[in-house]
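Residue-level listing of the chains:
4 protein chains.
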Amino acid sequence: MKIAIVYYSKTGNTKKVAELIAQGANIIENVEAKSMSIEEVDNEFLTEAKAVIFGSPTITGTFSWQIKQWLDTARTVKFGGKLGAVFATANYVGGGGEVAELALIAELLVKGMLVYSSGVAEGQPFIHFGPVCIQEGDEGQKERARIFGERIAKKTVELFN
Amino acid sequence: MKIAIVYYSKTGNTKKVAELIAQGANIIENVEAKSMSIEEVDNEFLTEAKAVIFGSPTITGTFSWQIKQWLDTARTVKFGGKLGAVFATANYVGGGGEVAELALIAELLVKGMLVYSSGVAEGQPFIHFGPVCIQEGDEGQKERARIFGERIAKKTVELFN
Amino acid sequence: MKIAIVYYSKTGNTKKVAELIAQGANIIENVEAKSMSIEEVDNEFLTEAKAVIFGSPTITGTFSWQIKQWLDTARTVKFGGKLGAVFATANYVGGGGEVAELALIAELLVKGMLVYSSGVAEGQPFIHFGPVCIQEGDEGQKERARIFGERIAKKTVELFN
Amino acid sequence: MKIAIVYYSKTGNTKKVAELIAQGANIIENVEAKSMSIEEVDNEFLTEAKAVIFGSPTITGTFSWQIKQWLDTARTVKFGGKLGAVFATANYVGGGGEVAELALIAELLVKGMLVYSSGVAEGQPFIHFGPVCIQEGDEGQKERARIFGERIAKKTVELFN
Chain A
182 MKIAIVYYSK
192 TGNTKKVAEL
202 IAQGANIIEN
212 VEAKSMSIEE
222 VDNEFLTEAK
232 AVIFGSPTIT
242 GTFSWQIKQW
252 LDTARTVKFG
262 GKLGAVFATA
272 NYVGGGGEVA
282 ELALIAELLV
292 KGMLVYSSGV
302 AEGQPFIHFG
312 PVCIQEGDEG
322 QKERARIFGE
332 RIAKKTVELF
342 N
Chain L
182 MKIAIVYYSK
192 TGNTKKVAEL
202 IAQGANIIEN
212 VEAKSMSIEE
222 VDNEFLTEAK
232 AVIFGSPTIT
242 GTFSWQIKQW
252 LDTARTVKFG
262 GKLGAVFATA
272 NYVGGGGEVA
282 ELALIAELLV
292 KGMLVYSSGV
302 AEGQPFIHFG
312 PVCIQEGDEG
322 QKERARIFGE
332 RIAKKTVELF
342 N
Chain S
182 MKIAIVYYSK
192 TGNTKKVAEL
202 IAQGANIIEN
212 VEAKSMSIEE
222 VDNEFLTEAK
232 AVIFGSPTIT
242 GTFSWQIKQW
252 LDTARTVKFG
262 GKLGAVFATA
272 NYVGGGGEVA
282 ELALIAELLV
292 KGMLVYSSGV
302 AEGQPFIHFG
312 PVCIQEGDEG
322 QKERARIFGE
332 RIAKKTVELF
342 N
Chain C
182 MKIAIVYYSK
192 TGNTKKVAEL
202 IAQGANIIEN
212 VEAKSMSIEE
222 VDNEFLTEAK
232 AVIFGSPTIT
242 GTFSWQIKQW
252 LDTARTVKFG
262 GKLGAVFATA
272 NYVGGGGEVA
282 ELALIAELLV
292 KGMLVYSSGV
302 AEGQPFIHFG
312 PVCIQEGDEG
322 QKERARIFGE
332 RIAKKTVELF
342 N
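Chains as they are written, first to last, in this note's numbering: chain A, 182 to 342; chain L, 182 to 342; chain S, 182 to 342; chain C, 182 to 342.
To be clear, the hints were calculated from the coordinates, so they are not data collected in a lab. Any given hint could turn out to be false.
Note that the list lumps identical chains together, so a pair holds whenever it fits in one copy or between two copies.
[Stated by the list, open to error] Restricting the straight-line Cα-Cα distance to at most 30 Å, the calculated cross-link-like pairs of lysine-lysine (DSBU-like) are:
#1 Lys215 / Lys197
#2 Lys231 / Lys323
#3 Lys323 / Lys183
#4 Lys323 / Lys335
#5 Lys196 / Lys335
#6 Lys259 / Lys231
#7 Lys335 / Lys183
#8 Lys335 / Lys259
#9 Lys231 / Lys191
#10 Lys335 / Lys231
#11 Lys259 / Lys191
Keep in mind it's a predicted model, so treat the numbers as computed, not measured.
If we strip away everything but chain A, and leave its shape as in the complex, we get (with noise of 0.2 Å):
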């Protein structure tokens, strides 16, 4: 089962993070994790993808114009009925990673996407909207976001098995 992680990273973070979370996704059983930044997509694996996790930088206090530009031009693929994720990366606490988050998963509805983060209904670490990682993490968020792919990959099993 395909899981596509699809990134846009400016300054190489959020790459990173996107790569903890494939790594966390390909420890569950039958399960093909995959990063690839939007510069580089891999058209059919996304396709064949039952989830798809975005992540992005915040600029400004939402994601990057570069993730939204390409979520709206690139309609070869469909993305509804997909289990969605998301994570972000932000130059600090309170940065506007978790509102870059949310505007995000506000798309990812408009798409007709199944919209997941774990919550607090797995136990600790709890993850509200997605992953957050102050510049490249430190060794607590990297561990969380290694524990989301692992969730989400998890969760896509179970939903799409």
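Got chain A; can you put chains L, S and C on it based on the hints?
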């Protein structure tokens, strides 16, 4: 398969929309949908429900404190893993219904629900975050509410059957 | 006192609403309001403006990437300390206009603007986050847009005179 | 010039941050800042205040129902035209503090307040929507809260003197 529509209603409008959504959901085979005020929740039904649709009037730009209070204190029912969806009533176009819905969605994600609205993926009528009715809704808005119930019910059967 | 209405328009609807807002603002004495597309910004006027009103169509649940790109790259104008306000067009009631407005407001706050909508404080018509027009707006929505321009202009004079 | 910091605190953390903000605001000449719980509001002070800063713990991804209830029922004080600002405490990075702040900002806009956070316009430390403290805040977060108080006070004097 049980689906609960849980609402708070101040003037009766939100109650009416809840009933339209229940009516739409009950069209789908094997679905038993029931609307209930937060003041008279059927906890057994709610516990068994595979999907819960939450509705609120818009009060000063977000959902009512009564819903918030109920969501934060009614800890007997676990919402994690259920399908979650939302609707709102508002007093005029631009009067905060969508923002109330998105704030409610944020809450459902933290509870670990799978959030779904159908968006544009099911064709017309589009339903961005959930149906918004201006007061009790005009004919088009009422029809959107019924169809929303139907779509949530279909998705619930598809996911949990 | 200068007030700029800066918009991106795809179909022409957002442009029309921008013009209505400018028209409303120009009613106020000593105010010179001018609407301009992000594609033809008058940077001198914008720099001198005490208030800037931003408008966008709603694209998949938030404001357009063109506005985001422009806001993030047009760094010649400093928005900090100016009055900021927003409006949006959307395709239907519940179609994301308010959520687009709130995402835009988040961006303006990060830029250090004073954000104002008038809300319910100026009596009817209420304007929650900014006027929302469905397509080019019905008569009531157009009137709300004009009145919004007037209110923002009044507040600008009150604050910066 | 009076500035009120109005908060709800469950564990005492939000109260502590409110006091830091008041301390920061009181540095500015001619400003009298006072923090008060919604359970013991000084209505006369609040009525005279030119700015009101609202604070809440983050409960399941948004601000607490107690604040919402108070905001919707305490109609003796008119907030329209005052400067409004927000802060939040949360349990961890990504734990909803910013989303709670933005939901609160939506409410303040509907009340007709001028909303301000300073953003990136005043240089470091940046404050996107308002300061977020993880629990009672680490040293950097506490310092940001104090500076926020100072900035809001400066802006209040600048606008209303």
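Each hint tested on the structure:
Taking identical chains as interchangeable, the C-alpha atoms of Lys215 and Lys197 lie at most 30 Å apart only when both belong to the same chain, with a minimum of 13 Å there against 44 Å between chains. With identical chains, the CA atoms of Lys231 and Lys323 are at most 30 Å apart within one copy only, with a shortest distance of 24 Å there and 33 Å across copies. In this homomeric assembly, Lys323 and Lys183 come within 30 Å of each other (Cα to Cα) only inside a single copy, at 22 Å, whereas the closest approach across copies is 39 Å. Taking identical chains as interchangeable, the C-alpha atoms of Lys323 and Lys335 lie at most 30 Å apart only when both belong to the same chain, with a minimum of 19 Å there against 37 Å between chains.
With identical chains, the CA atoms of Lys196 and Lys335 are at most 30 Å apart within one copy only, with a shortest distance of 22 Å there and 37 Å across copies. Taking the shortest alpha-carbon separations for Lys259 and Lys231, both the intra-copy value of 11 Å and the inter-copy value of 26 Å come in at or below 30 Å. In this assembly of identical chains, Lys335 and Lys183 lie within 30 Å of each other by CA distance both inside one copy and across copies; the values are 12 Å within and 24 Å between. Taking CA atoms no more than 30 Å apart as the test, Lys335 paired with Lys259 passes in both settings, with 22 Å inside one copy and 19 Å between copies.
With identical chains, the CA atoms of Lys231 and Lys191 are at most 30 Å apart within one copy only, with a shortest distance of 27 Å there and 33 Å across copies. For the identical chains of this complex, Lys335 and Lys231 are neighbours both inside a copy (12 Å) and across copies (18 Å), given an alpha-carbon limit of 30 Å. Taking identical chains as interchangeable, the C-alpha atoms of Lys259 and Lys191 lie at most 30 Å apart whether they share a chain (26 Å) or sit on different chains (23 Å).
In this structure, every one of the numbered hints holds.
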